[in-house]
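*Asks:* If you want the building blocks of each chain, they are given just below.
Number of protein chains: 2
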Amino acid sequence: MATSSLAPPEVPMELHAGNRDRLLTALRARLSATASPPRGLALLQGGEEQTRHCTDHLELFRQESYFAYLFGVREPGFYGAIDIASGQSILFAPRLPPDYAVWMGEIKPLPYFKDRYKVDLVFYVDEIVQVLQDRFSQHGKPVLFLLYGKSTDSGNYSKPASFEGIEKFDTDLGTLHPILTECRVIKSEMELALIQYANDVSSEAHIEAKPGMKEYQLESIFLHHSYRYGACRHCSYTCICATGENSSILHYGHTAAPNDRTLNDGDMALMDMGAEYNFYGSDITCSYPINGKFNSNQATVYNSVLKAHNAVISHMQPGVKWVDMHKLAEQTILESLKNEKIIHGDIADMMTRRLGAVFMPHGLGHLLGIDTHDPGGYPEGLERPKEPGLSSLRTIRELKEGMVITVEPGCYFIDALLRPARDDPVSSKFFNWEEIEKYKSFGGVRIESDLYVTAQGCKNLTNCPRETWEIEAVMAGAPWPPRASVTRAENGLPKA
Amino acid sequence: MATSSLAPPEVPMELHAGNRDRLLTALRARLSATASPPRGLALLQGGEEQTRHCTDHLELFRQESYFAYLFGVREPGFYGAIDIASGQSILFAPRLPPDYAVWMGEIKPLPYFKDRYKVDLVFYVDEIVQVLQDRFSQHGKPVLFLLYGKSTDSGNYSKPASFEGIEKFDTDLGTLHPILTECRVIKSEMELALIQYANDVSSEAHIEAKPGMKEYQLESIFLHHSYRYGACRHCSYTCICATGENSSILHYGHTAAPNDRTLNDGDMALMDMGAEYNFYGSDITCSYPINGKFNSNQATVYNSVLKAHNAVISHMQPGVKWVDMHKLAEQTILESLKNEKIIHGDIADMMTRRLGAVFMPHGLGHLLGIDTHDPGGYPEGLERPKEPGLSSLRTIRELKEGMVITVEPGCYFIDALLRPARDDPVSSKFFNWEEIEKYKSFGGVRIESDLYVTAQGCKNLTNCPRETWEIEAVMAGAPWPPRASVTRAENGLPKA
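So the protein lines, in turn, are chains S and L.
Letter 119 of the first sequence, counting from 1, is numbered 119 in full-length UniProt numbering, and no numbers are missing.
Letter 112 of the second sequence, counting from 1, is numbered 112 in full-length UniProt numbering, and no numbers are missing.
It is possible that some hints are incorrect.
Given that identical chains are not distinguished, each listed pair holds provided it fits within a single copy or across any two copies.
Below 30 angstroms or equal to it, Euclidean Cα-Cα: the simulated BS3-like pairs (lysine-lysine) are [as the list claims (entries may be wrong)]:
id : residue 1 : residue 2
1  : K440      : K338
2  : K114      : K214
3  : K150      : K338
4  : K114      : K159
5  : K118      : K214
Think of the hints as simulated: they come from the structure by calculation, not from any bench.
Since this is a predicted model, take the numbers as computed values, not measurements.
The shape of chain S in the complex, shown without the other chains (with noise of 0.2 angstroms):
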């Protein structure tokens, strides 16, 4: 029976609160240098409950992100303002139907949601026109500045709040979302707990997700362990449980190729799986041979990863390229397979052909915070590069104090990646054809940590075993973290 010594923390409301200020302060520098005073409040809508498609079953609500970073709140059909001036925070709470009582639940009072989400001021929805109404003929008038901008992810665009009536307002879309989303990227110190959090019980549900016949077991056994005792009741993703092949497949679970297959003594495991605590996320990958003991070519694929993971941690601090960082781990993995004859050739002449994203097509990492991929990437000035592997970079910044970004480089055996590095005749002499049809079914590997950028260097926030030598023995039986309780940090590993 599995045990556990987390102990899900309590939520400071203040870090919302925190958030807010954090908000008001950028907005007031920006708004300061083009009109005096600042005038307006940023107005927020929150998420809506959903139906599977036209029936009445109810898909668990789990609120916006951006909203969620702002008011903590974990209700559907919010909304929420700041007024930049006073900095005052206001709630409008949806106003229930009475027989919501007997079917959801107690109908909470206004002072409850001002108490609960400690903001200034709580109103029903049904009179946010009254009230912001109410307030621009105090303050003259007003704008309201509302979320709209592009997700550099998805591609999509957030939706701007709407209600009855918004028409009769003045209203801004630029302005909000490239600073909120600023705002974002550096996590606090009550953030960064958080996320924390979510690192220690994922960290500790895949030690835990390891005996099984099928991939979802171990799906199953991660989800269990992070609710039951972790109190996750989401997952940051859903889990990529990916043995064999397909453990090339890079966001493998979903449910076109749902994590069904059969473990097979000889294959390794790529489980790729994070929980999320009061909306703040992890994202942890860890690679494994199923039976418990690696074999040359796993061993071979899996230190050519970690070194690389070691390497860039060993090198993460501020002002750091990320790109850098991307390219630094594709040459560590690059090395290593010219040291084990899977490739040859001059590593800078493959650098520069970008020979490396045959082998790692991903980004190295990206920003992780509510979001799994959190925005923020690609500030206004950035673009995304056009070379392949770099291409898929979610983001290409410099390493900033405060910035949570994983570091999950892979090596992964891709038929559709290979046979046109075959086909092509200048690219094809830097493989050794006869070597890598040895890892023609062996999938790949991932090793992914998620990383606190500090002052000085980086903090890895992921406590899983990480050497071979580890693994097996955790495998064995073996306790972790070791009895001893040293942590990777205090025990000197990868840091600068």
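Given the coordinates of chain S, work out where chain L should sit on it, guided by the hints.
*Replies:* For chain L alone, coordinates are given in the frame of chain S:
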């Protein structure tokens, strides 16, 4: 450590072929009455994957239910058609971009889908206009029968198939929905087998979901058992894990009331949870005392509900009106409450005044299948009643052989309903308010089983301990089903 005797069954695609045959028979019968020979195609659009708000967070896809019924396709982005004259079935698969192979998995060729889903023809979605036009030129000018109609549970309308170029064809929005909905009301043997399996999984998982400190831990155990041992990745609905007063909140467990209460000695638990397997679901409620022993008040309320549950089951057979079953349950509960001096006066009088709805505001049960609230409860000509309690009925049909319907009487002490009953001078006199005061924080009891209507009566698909002594024995560690392994049906439990 939990064990399980579950063996996830293979799903025969003949199940969905059978569903198509039933539709064809019904459509041809309907169309031959209006025009001959019947010409046209029933055309449905499957569901699409959804991202969360503006992010690239993909929700785990679950197929739209009507589409699942006819084609069994689990992947998003499909269309499906059935030629009414020839009976040929056609799937249209999305044409996936080459990098799908790297990120999402193997790009399956069309013959894969033809073989997997056992249809007659498979094309790409982008060929739909051409394929349909070719059929038209062969067969004259037929009509596309699209799915458009209202869910009587949600009030939402199904979205008819749409694609670029659909304006080139004649379409019919009114014919398909009621006919297809009616097909779903009567379950085939193969459908029944899946609902039985989902019941087996859930019955077993309900037994496991006992030890915990928090309500959500019971949910987590249920989910885990259903997925790990039963291969059920989805549940039919969000788990309702209500204890103490929460057990009077009929749809507890959603985000705004998220199964987060600490379990208390002396409280009742009401667990309404059901697993889903290959689209087909289950819907089971067990109520029990958290400390494993019914006290007197708990036994009183529990037994009043159990008596209603058993009385209904013993009366169910084809031709019986569901409204009468609802009233039978109400009356049985009122009689029990009267025996216990919780209410007093003439039962018939109470029934006329619909006072049963104070204790049981929801309907007795609903059709169950691919949706938890399966459609077809109110075919044309049946109107939803207006009276308290009856107005909550999701169907008022006569029972027919082949229906699967839940029987879920409940008795709750709901402040929001007791208050107006007390304030009303006429209804107030039926209640012994002093006695009711003792149940103030009791919450409620619901007992829910899934019943299959047979030619002579009905079959209970659910196998959970129901008698108070059975529950107490299982909570004290006795095996379930009992070692002698007599099933409830064999055991002579409620059966007409």
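*Asks:* Evaluate each hint against the coordinates.
*Replies:* Right, here's what the structure says about each hint:
Proximity of K440 and K338 under a CA criterion of 30 angstroms is satisfied intra-copy only: 18 angstroms inside one chain copy versus 74 angstroms between copies. For the homomeric pair K114 and K214, the shortest alpha-carbon distance between copies (26 angstroms) is at most 30 angstroms, but the shortest distance inside one copy (47 angstroms) is not. Within a single copy, K150 and K338 get their C-alpha atoms no closer than 41 angstroms, and across copies no closer than 63 angstroms, so neither meets the 30 angstroms cut-off. Taking the closest pair of Cα atoms, K114 and K159 come within 30 angstroms of each other only inside a single copy of the chain (25 angstroms); across copies the shortest separation is 39 angstroms, beyond that limit.
Within a single copy, K118 and K214 get their C-alpha atoms only as close as 46 angstroms, which misses the 30 angstroms cut-off; across copies the closest is 26 angstroms, which meets it.
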